[in-house]
Amino acid sequence: MSETIHLCIMSDDFGMHPAVNEGIARAFSDGLLTDANIMAPCPAFREAAAIARDQHLPTGFHATLTCDWDRYRWGPLTHAPSLTTPDGYFKHLVALAWSEALEEEVRAELTAQIEQLEAEGIHSTHSSYHMGTDGQGRLFSILNQIGTQRVGPMRVERSDEGVSIRRYCWDSLFFSSHWTLDYPRRKARLKGLLGKMQPGYHLWMVHAAIDHPSLDELCSPGFFAWNWARSFRAADMALLLDPEIKALIEERGIRRIDVTQAPVG
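For the sequence shown, counting from 1, position 104 maps to 104 in our numbering; every step adds exactly one.
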C-alpha cells in the first residue's frame, strides 16, 4: 500500500456559465484545482473547451440531462421530447428527467454530447453525471454502451458503489459545495479532513466560479437552487485559492493528482 496521500480536486459544471469557466480556469492556474467536468449542452461549452485545450486541463464528460435554473436554461443537442419541458429545455429535477425518459433518446443525447467533446479535441479523462442518476442503473448501462474508451472510467460516488461499470477507486470522496456559508467554519471543516487524511487516493469535489453578480441572474430569488447559483460556488472558489489550505496540503505532504493517476477498478 502506498504511504502517500493522493488528492484529486475536481470541479463540476465546466461550460455552464462564463463565471464558472473563469473560476475553473483561475483555480487550475493559480489555485488547487486539478480536474474539471464539462457540460456539452450548456451555453458556455465552447469557451470551456478552449480553456481546457489552452491550459491542458484534465477534463471529463459530465452527462447532462437536467437544467438547474428557471431563468438561465439549456436543452438537449438532439431531438429528445421525453427529456424536455414543452418549451424544449431540460427539466429541473432528476426525478422529472427520468420519469418519462426513453432510453433510446437518452443514448442518442449522451452520444451527441460526447461527440461534441471529441469535435472540440477533448479526450474525456472520466465520466460523471449532473444532478444525480435515475437510481436504477440505466445511466450506467447507457454509458457502458457508448463505451468507456470514449467517456473514460466513471467517477463513482458512494451511492453508486454497486453499479457495474469501470470506475476510478477512491479511499474517500467528499463534496464541500453544500457546506455552511460561514467561511471560517467551512475552512475549519476542510482543514480537519485534510489533517486526518490517510495514505491512499482521495477525491475532493467542488463547484468553482468567480464571485460575480451575473450568477444571481441564473434563477429567481427563493428558487430551490438559489445558493447553488453563486454562494456555494464562491465559497468553494475561496477554499481553492486559500493560502492556508495550500500550506496545509504541502505541510502534510499531500500529493495533488489528476484523476488519471488514480487506480481504476
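Heads up, a few of these hints could be off.
Restraint-style ranges between C-beta atoms, simulated for each label pair [to be verified]:
#	residue 1	residue 2	range
1	ALA225	THR78	23 to 29 Å
2	SER214	GLU115	44 to 50 Å
3	ARG53	PRO86	34 to 40 Å
4	GLN198	SER231	47 to 53 Å
5	GLU115	VAL264	30 to 36 Å
6	GLY137	GLU244	38 to 44 Å
7	GLU250	SER82	28 to 34 Å
8	PRO263	HIS79	37 to 43 Å
9	ARG71	ARG150	29 to 35 Å
10	ASP54	GLU115	19 to 25 Å
11	LYS196	TRP226	29 to 35 Å
Hints were generated in silico from the structure; no laboratory data involved.
Values in this document were obtained by computation on a predicted structure and should not be read as measured data.
The beta carbon of each residue, even a glycine, is placed where N, CA and C say it ideally should be.
Going down the list of hints, with the structure as the test:
no.: 1; hint: ALA225 / THR78: 23 to 29 Å; verdict: 25 Å, holds
no.: 2; hint: SER214 / GLU115: 44 to 50 Å; verdict: 29 Å, violated
no.: 3; hint: ARG53 / PRO86: 34 to 40 Å; verdict: 37 Å, holds
no.: 4; hint: GLN198 / SER231: 47 to 53 Å; verdict: 31 Å, violated
no.: 5; hint: GLU115 / VAL264: 30 to 36 Å; verdict: 24 Å, violated
no.: 6; hint: GLY137 / GLU244: 38 to 44 Å; verdict: 42 Å, holds
no.: 7; hint: GLU250 / SER82: 28 to 34 Å; verdict: 50 Å, violated
no.: 8; hint: PRO263 / HIS79: 37 to 43 Å; verdict: 40 Å, holds
no.: 9; hint: ARG71 / ARG150: 29 to 35 Å; verdict: 33 Å, holds
no.: 10; hint: ASP54 / GLU115: 19 to 25 Å; verdict: 21 Å, holds
no.: 11; hint: LYS196 / TRP226: 29 to 35 Å; verdict: 32 Å, holds
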